[in-house]
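If you want the building blocks of each chain, they are given just below.
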Amino acid sequence: MRDKLPLALLIILGLFGLTDRFLPHPIAEGFNQYLRDTLLRIISAFALILGLGNLILRHTKKIQKKEEHWQHSWVLLLSFLVASIIGVFGGVNGELWFPTQVGSFHFDITTIYNKVLIPLGATMFSLLAFFMASAAYRAFRARNWLAVLLLGSAFLVMLGQVPLGARIWSGIPEISQWIMEVPNTAAKRGIELGITLGILATLLKILAGIERSWLGSGR
Amino acid sequence: MKRLGVLLVATLLSLGALPVGAQEGGGAFQNRTNLPPPTEVTAKDTPFDGGSNITVTWQPAEGAIGYRIERAPEGGDFEAVEAVGADETSFEDGDVQNGVPYRYRVMALGEAGEESGSGVIFGVVSRPQWFNGDLFGVAIAVLLFASVVVWYIQRARRGEELFIRRIAGLEAVDEAVGRATEMGKSVLYIPGTGQISEMGTVASLNILGEIAKKTAEYGTPINVPNRDPVVYTVAREVVKGAYTAAGRPDAFQPDSVHFVVQNALAYAAAVNGIMVREKPATNFLMGPFHAESLILAETGASTGAIQIAGTDQVPQLPFFIVACDYTLMGEELYAASAYLSREPLMLGALKGEDAGKLVFLLFLVVGTLLSVLFGIDAGWILSTG
Amino acid sequence: MNWERLIQIDRRIIFLAMGLGIIIPMLFPMEMPVGAQRVTRSLFKTIDEIDGQEQCLMISSDYTPQTEPECHPMSLALMRHAFTRRIPVLLNALYVEGAPLLASGIEDVMEEFNSRATTHEDSIIYGRDVVYLGWQPPPIVPILAMGESIAGIYPDDYYGNRTDSLEVMQRIRNYDEVGIVVAITGLSAPLWYVMFAQTKYGVKVGAGCTAVCAPDFYPYCGTGQISGMMAGMKGAAEYEELVEETFQTGGRRKATEGMVAQSAAHLVIMGFVILGNIAYFASRRQA
Amino acid sequence: MNLSTDIWVWVGVVLTFCIYSFLYRDNPLYRFGEHLFVGVSNAFTLSFMIHRIIIPVMWRPFAQACQVAGSDGVSVDLFNPIAPANFLVIIPGLVGCLYFTRFIPRMTWMVRIPIGMFMGYYTGRTVPAYFEGSVFPQMRGTLVTQAVFDPAQGGGVMSGLFAVLVLLGVIGTLAYFYFSKEHRGPLKWGAQVGIVFVMVGFGASFGFTVMARVSLAIGRFIFLMRDWLGIVT
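Chains as they are written, first to last, in my numbering: chain Z, 1 to 219; chain D, 1 to 385; chain W, 1 to 287; chain V, 1 to 233.
One or more hints might be untrue.
Here are some, though not all, of the chain D residues that point toward chain V, as calculated from beta-carbon distances under 8 Å [unchecked claim]: (1) Thr-57; (2) Gln-59; (3) Pro-60; (4) Gly-63; (5) Ala-141; (6) Ile-196; (7) Thr-233; (8) His-258; (9) Ile-321; (10) Val-322; (11) Phe-360; (12) Gly-375.
Note that these hints are calculated values from the structure, not bench results. Where is the CB? At the ideal position from N, CA and C, for every residue including glycine.
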């Protein structure tokens with residue numbers, strides 16, 4: 001029972017998922033839509049609550065035990081609490097009863113998203129410009145012939161991207177374009193084909209109950 | 001022609017999906033001008049769809065600047081449904097009710113405003129179909145490859161010895177966990193930044209099970225931060241199960257698997273924090289990753305941790321190759337749990353994958369030869385409507 | 001010389017070099033020739049051939065502040081091109097986030113042209129030469145509906161005017177009067193226009209996209225479904241160059257300026273890669 | 001110089017500096033930014049989930065069903081799972097609640113029920129999608145045809161040659177991922193060809209991406225120097 005019921009549900013829903021794309025009939029379509037948009041969506045909402053509970057407990061514990069950097073857990077908990085009140089009771093655009101405006105100053109959750117989360121995310125994302133440089137410095141060493149290939153094609157394409165490349169030799173941008181279109185395409189296709197087989201085998205292993213790690217221990 | 005054959009078979013297989021045939025009938029609409037009417041007009045239920053759709057086709061009329069498609073319910077008057085340009089020869093009417101018969105005609109429109117109508121098509125009925133015949137090839141391919149894999153699993157079940165070559169990134173797993181144990185530090189396992197709906201995540205969770213068994217045996221703490229709440233719930237069960245399987249259920253730390261945040265960049269920020277503060281000796285980055293892959297891998301590299309990465313997101317592979325010690329590329333991620341567990345049935349499935357690759361290879365070679373030498377287009381098998 | 005130390009160089013020195021490489025060119029804007037690729041030239045040619053009396057240029061954007069450095073200069077260059085050739089320009093935003101950005105771009109380019117204009121005919125006048133349709137969610141709806149009636153799906157423009165009351169809208173009804181739609185995007189908007197607008201209404205589609213998206217669109221340029229493309233900041237710089245070479249509008253070339261920072265950043269990375277390899281081989285020889 | 005007076009711009013600037021300080025090293029400013037990012041992000045997700053899922057998908061149909069039942073009495077219609085007013089939305093809610101059984105010692109195993117449903121449906125869906133969206137078009141694009149050699153159909157000797165190269169690369173890459181045999185003999189040659197393509201392709205991808213990443217940094221510096229300091233236009 002403890003293994004069989006979840007596995008049976010998994011197989012039944014797995015078959016629905018597997019056949020979804022093949023059945024255009026409105027009955028099948030409607031049923032699948034119900035599964036995706038109502039059933040599984042609501043279930044995932046509960047998973048989020050569980051996850052958030054876990055996060056809050058973890059940081060409360062940190063504060064209680066005064067673990068290293070426990071002060072920052074306050075930042076997390078307080079910002080979560082305040083923003084949640086604004087978002088949950090103020091509404092997505094500040095349309096509910098909780099006030100999200102003082103004079104012409106708005107602080108509804110959408111504004112907070114645009115003015116706090118976007119700058120944070122964009123800056124985090126832009127760290128990549130710097131990390132690309134340090135990773136290239138460390139890894140692009142001609143240690144062996146494979147590394148030479150990696151380094152050589154990266155170097156050529158970088159050169160082809162900037163006007164300097166074309167000035168050194170007008171063929172460089174074309175060669176870099178060619179590398180993107182021929183060897184790059186071939187490698188990606190080969191890998192994608194393999195991945196599809198991996199995905200299929202993984203599905204079969206799960207459906208056949210061979211791969212059971214998701215079942216955990218259950219006790 | 002060949003394509004037509006496949007369509008026919010597919011149509012027959014999808015019971016009840018037979019389109020309602022319709023033929024040109026009735027006298028041609030009064031033709032007041034020199035503008036000829038559209039010819040060979042057909043109106044049929046659109047095949048392989050969810051119904052409420054009728055496809056009208058015609059052959060162009062010389063001199064027409066456009067066409068107007070008209071529809072009438074049984075016993076009702078004709079109404080314009082749509083007007084299309086002169087280069088169109090078909091139209092899908094998606095505004096019809098299932099099971100109701102309609103009449104159709106197509107009017108050619110002339111430059112001076114003259115019109116010339118085709119004969120009327122009677123009794124066209126739209127019906128929803130149960131099977132999407134355009135995907136017949138896909139269904140066959142899924143079944144074919146699935147049976148290959150299942151056959152190999154059966155062979156493994158009979159106890160056949162199955163050989164799998166070394167995979168460098170996976171050989172290093174033992175050493176990597178051992179290193180953390182020696183240094184008295186933790187192992188960080190990042191199960192990707194995808195959702196449970198992505199197979200790469202599932203593959204990663206399977207690997208997590210094997211690695212958690214090792215950390216349980218060695219008594220090394222493991223830290224699994226999660227981006228997706230559903231993945232978090234599964235990962236927790238996986239780690240807990242692995243500790244039980246390794247005979248150390250008491251050593252399982254409930255806090256070792258935790259949820260962080262759904263926003264991928266916030267997640268990267270937080271995991272960066274874990275990497276630089278807790279300085280784990282070994283970082284595993286397994287599963288689907290997106291742009292944050294290099295943020296994580298490069299921070300990990302700067303802390304001196306040994307890093308084993310693996311992803312099925314091909315665009316991110318170059319960054320892992322550059323920043324990590326070992327990288328599992330694409331399919332190797334899926335092969336990993338079989339490789340690590342050495343369980344015969346799982347290895348059987350891996351053998352099945354290899355057989356699948358041979359099929360791909362053979363198809364590419366034979367298809368190319370047929371096409372180049374004899375001009376036979378093998379690609380039609382692969383069309384999806 | 002201690003090559004080992006160079007091999008283990010502090011990452012922060014690399015970060016600093018990158019930062020300076022990007023910031024300094026921004027503080028002291030310069031321009032450099034870039035040389036246009038085939039796809040950029042064909043976009044330029046397609047737009048150049050539009051008959052301004054019959055048809056207009058439509059610019060459809062979905063870029064946000066994050067993709068602004070790559071995409072915004074594209075809109076500006078397109079507008080400059082069309083304004084000099086007296087081709088009316090219609091603009092729309094597919095998502096609300098980018099809508100104000102596009103509005104400020106329109107104002108900037110209008111200002112640029114009108115400060116030089118001497119007569120009413122010379123000037124760029126809102127409603128006659130340019131219309132900003134604003135934003136209608138979700139994106140797929142206007143893309144389809146504009147095939148029937150542009151004023152129908154955008155009853156009011158971005159500034160709240162009745163769209164059908166504007167001068168140019170008297171002769172522009174739907175895609176028939178649109179010479180080309182150039183979708184400027186960090187996503188896949190050009191493909192939406194190809195799939196939904198081109199297949200049904202036959203409108204030409206051009207693309208302007210971030211460098212990351214560009215490989216997805218090249219195949220469509222090959223088949224002609226996309227008439228031409230600006231790929232990333234470099235593509236924008238190429239288009240700016242084509243416009244300036246042909247018309248000398250004297251406008252600010254932001255992408256071309258950005259390419260200086262790009263070149264500097266690329267050179268910093270390449271320089272460090274060379275340095276790393278020199279150090280690597282020298283240290284091996286020492287050992 | 002034209003310093004911004006918008007509070008939100010200043011907030012954005014402070015947060016930008018918090019994150020960039022990580023490039024120097026981990027420090028209290030970065031820790032502040034990081035924890036704030038996690039906290040606010042989660043709050044945003046929670047609000048979104050409540051206003052876009054819980055209330056419209058679950059609460060509203062249930063509340064309306066209660067209302068209808070109150071005025072017109074309970075009818076069969078109220079048990080239609082896709083009706084705008086129905087009692088059955090409670091079922092997904094109950095299944096979702098099973099996640100919490102992990103806190104109840106003897107019922108822990110029930111956590112697997114929602115997990116199994118989720119995994120089953122989505123793993124099932126992925127397989128045909130990959131065959132349709134990836135395998136079929138990719139294989140088709142890899143087959144070499146007469147057309148690529150034919151100048152009349154937009155091909156030529158060079159494009160034909162390139163198509164053959166792509167085919168070789170794909171075959172080589174597939175050979176590289178062949179696990180059942182040691183890489184010896186012909187397989188070794190195939191795998192070597194494969195890894196050459198992989199390395200050249202990945203190097204190129206890396207080099208190609210630099211421009212997009214630098215653009216992101218330019219975007220942040222534009223924010224700092226234009227929106228905040230007003231020293232560039």
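Checked hints:
1. Thr-57: violated, 26 Å
2. Gln-59: violated, 25 Å
3. Pro-60: violated, 24 Å
4. Gly-63: Status violated, d = 30 Å.
5. Ala-141: holds, 5 Å
6. Ile-196: holds, 5 Å
7. Thr-233: At about 6 Å, which falls below the 8 Å cut-off, the nearest Cβ of chain V leaves the hint on Thr-233(D) intact, so it holds.
8. His-258: With Cβ-Cβ at 12 Å, over 8 Å, it is violated.
9. Ile-321: holds, 6 Å
10. Val-322: holds, 6 Å
11. Phe-360: Since chain V brings a Cβ to about 6 Å from Phe-360(D), closer than 8 Å, the hint holds.
12. Gly-375: holds, 6 Å
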